Amino acid sequence: MIEVKHITKSYGRRCALDDVSFRINKGDVLGFLGANGAGKSTTMNIITGYISSDSGEVLINGKSILDDPTEAKKSIGYLPEMPPLYNDMTVEKYLKFMFDLKKVRLPMKEHIDSICNKVGIADVKGRIIKHLSKGYRQRVGLAQALLGDPPVLILDEPTVGLDPAQIIEMRKLIRELGEKHTVILSSHVLSEVQAVCDKIIIINNGKIAAQGVTDELTGSGKGTRRLRLIIEGREQSIYSVLKNVDKVTGIEKRGETEKGCYEFVIESDKDIRRSLYRAISRSDFNIMLMQPEGRSLEDLFLKIMSGNENEEGK
Amino acid sequence: MFAIFKRELSSYFSSPVGYVVTAAFMAFCGVFFYVQCLYTGTSNMYTVFQSMFFIVLFVIPLITMRLFAEDKKNKTDQALLTSPVNIPAIVFAKYLSALVMLVICLLSYIIDGVVLSFVGSPDWGVIFGNVFAMLLLGSAFIAIGVFISCMTESVIIAAVFSFAVNVLISLIDTIAATVQWGWLQDALNALSFQTKYSNFALGLISLSDVVFFISITALFLFFTDRMIERKRWA
Chain A
0 MIEVKHITKS YGRRCALDDV SFRINKGDVL GFLGANGAGK STTMNIITGY
50 ISSDSGEVLI NGKSILDDPT EAKKSIGYLP EMPPLYNDMT VEKYLKFMFD
100 LKKVRLPMKE HIDSICNKVG IADVKGRIIK HLSKGYRQRV GLAQALLGDP
150 PVLILDEPTV GLDPAQIIEM RKLIRELGEK HTVILSSHVL SEVQAVCDKI
200 IIINNGKIAA QGVTDELTGS GKGTRRLRLI IEGREQSIYS VLKNVDKVTG
250 IEKRGETEKG CYEFVIESDK DIRRSLYRAI SRSDFNIMLM QPEGRSLEDL
300 FLKIMSGNEN EEGK
Chain B
0 MFAIFKRELS SYFSSPVGYV VTAAFMAFCG VFFYVQCLYT GTSNMYTVFQ
50 SMFFIVLFVI PLITMRLFAE DKKNKTDQAL LTSPVNIPAI VFAKYLSALV
100 MLVICLLSYI IDGVVLSFVG SPDWGVIFGN VFAMLLLGSA FIAIGVFISC
150 MTESVIIAAV FSFAVNVLIS LIDTIAATVQ WGWLQDALNA LSFQTKYSNF
200 ALGLISLSDV VFFISITALF LFFTDRMIER KRWA
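These protein sequence lines are chains A and B, in that order. Numbering that gives the first Met the number 0 puts the first residue of the first sequence at 0, with every later residue one more than the last. Numbering that gives the first Met the number 0 puts the first residue of the second sequence at 0, with every later residue one more than the last.
Bound-form chain A, shown alone:
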């Protein structure tokens, strides 16, 4: 669906993107993570054809954004970091203008009405955009991206500036959109990307530092498995029992969580839930909680940012 091949981009002497390549398949929801100035927006701007790369190629549905921009752009709905809104227009007039601009061939009124209902702006259709709150403006921006039902949606920080209730609503909406569209989402909020996206790319200093399926990157898929346990009993005795369970490669003590209950994190290369259960039960301790624990995306992100982890997940 989207193929980005070896794109590079420099602003003067500063290299903003250095040989960035990735591929997004139909129906994927891809999260784009990176610190400020890492190259997220530049990548998105190149994919959408707003700016050009110095070298490399972007293909949307097999069509090059450089050689066949008109056709390639028809497949993209783009919500930039700052929604491109004409403040002097009403929401309805603006959406009609964008409908015409995108050369959409659907029944105008029905299509706009259905999008307004989907993003929750039906009640402000007649209002002038400059009088809308930040949350509504963001939704109008999303509505214009959805016009024409494009197969690819590119959303640059769609939840920035929204209140917590609006953020939850927006995430729900993006998840719903992910069922029918290929979505690229950039965000600073790591939990948001983890909650919404099934693939993640972490970009650092213009280079891809990590990419892969979310669960794999966070360690809850393949590789080391981590289990969080809360067990009732004496801490040292529990520790001795856990230590002797076969295939346990590491134990982290996290202290008392409630009276008489202690938290541990067990690491292993295999699924040892059954043997752990049997060992703890035989020792007459009570298991209050057993939960798989992935490495948080935050840990991975911070490690990449500090340069300790390179090329992971490739």
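Careful: at least some of the hints might be erroneous.
[To be verified] Straight-line distance between alpha carbons at most 27 Å, and here's what the computed DSS-like set of lysine-lysine pairs gives:
| id | chain 1 | residue 1 | chain 2 | residue 2 |
| --- | --- | --- | --- | --- |
| 1 | B | Lys74 | A | Lys62 |
| 2 | A | Lys117 | A | Lys92 |
| 3 | A | Lys124 | B | Lys71 |
| 4 | B | Lys5 | A | Lys92 |
No lab work stands behind these hints: they were computed from the structure. Owing to the predicted nature of the structure, the values given are computational and were not obtained by experimental measurement.
Got chain A sorted already, so can you dock chain B onto it with the hints?
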């Protein structure tokens, strides 16, 4: 392209700019018409048309100043440049909306002609010829204004710079008169907007003058296209 043209044209009248520009143009045209025709009792509108040359210098920067500068400032250029419309079409749509604004202003010539027909016998050929001349002159100034507007994010800078360039163009004759070298004098005279416009105002329509204004328009619209493209690659 039509969507952009429609939006730009309607945006003139969703803010005071369109009304102020039209009112100012018509007011000046009306004053010149009263003083130079009605008050002096002549149906020859030549001096009115000549005087309007200087009004156009002021008015056109107000029409063109926000065309690209405002889009850049508000980031709405992202909507335009990521839509399935090519850059020449965007440039032409914006240019055309400004030209239609000028046509609306030029209705005052027709109104003056109608008023004159009640008290005398206006030469409609000369009036329409001057509407055509003003359109050609305005078209060239608009193309220059569009080009300047695409170079900045500031509407004010776009207006001031366009106005300065227009004034400089109007001074070409004066500059030419002070130049020592004959070849430079000839070159400057060949570039004079005012001389060519004066020919039209006198009723002398020359194909080379028409081609001159159309060429200036095409050249600056082409520069605008290249400038936007260059910024995409910068």
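Quick one, are lysine 124 (chain A) and lysine 71 (chain B) close enough, alpha carbons at most 27 Å? holds, 25 Å
Does the structure keep lysine 5 (chain B) and lysine 92 (chain A) at a Cα separation of 27 Å or less? At roughly 11 Å apart (the allowed maximum being 27 Å), lysine 92 (chain A) and lysine 5 (chain B) satisfy the hint.
Given pair status - lysine 92 (chain A), lysine 117 (chain A), alpha carbons within 27 Å: This hinted pair holds, its Cα atoms lying about 18 Å apart.
Lysine 74 (chain B) and lysine 62 (chain A): Cα distance at most 27 Å? Holds, at roughly 26 Å.
Of the numbered hints listed earlier, not one is contradicted by the structure.
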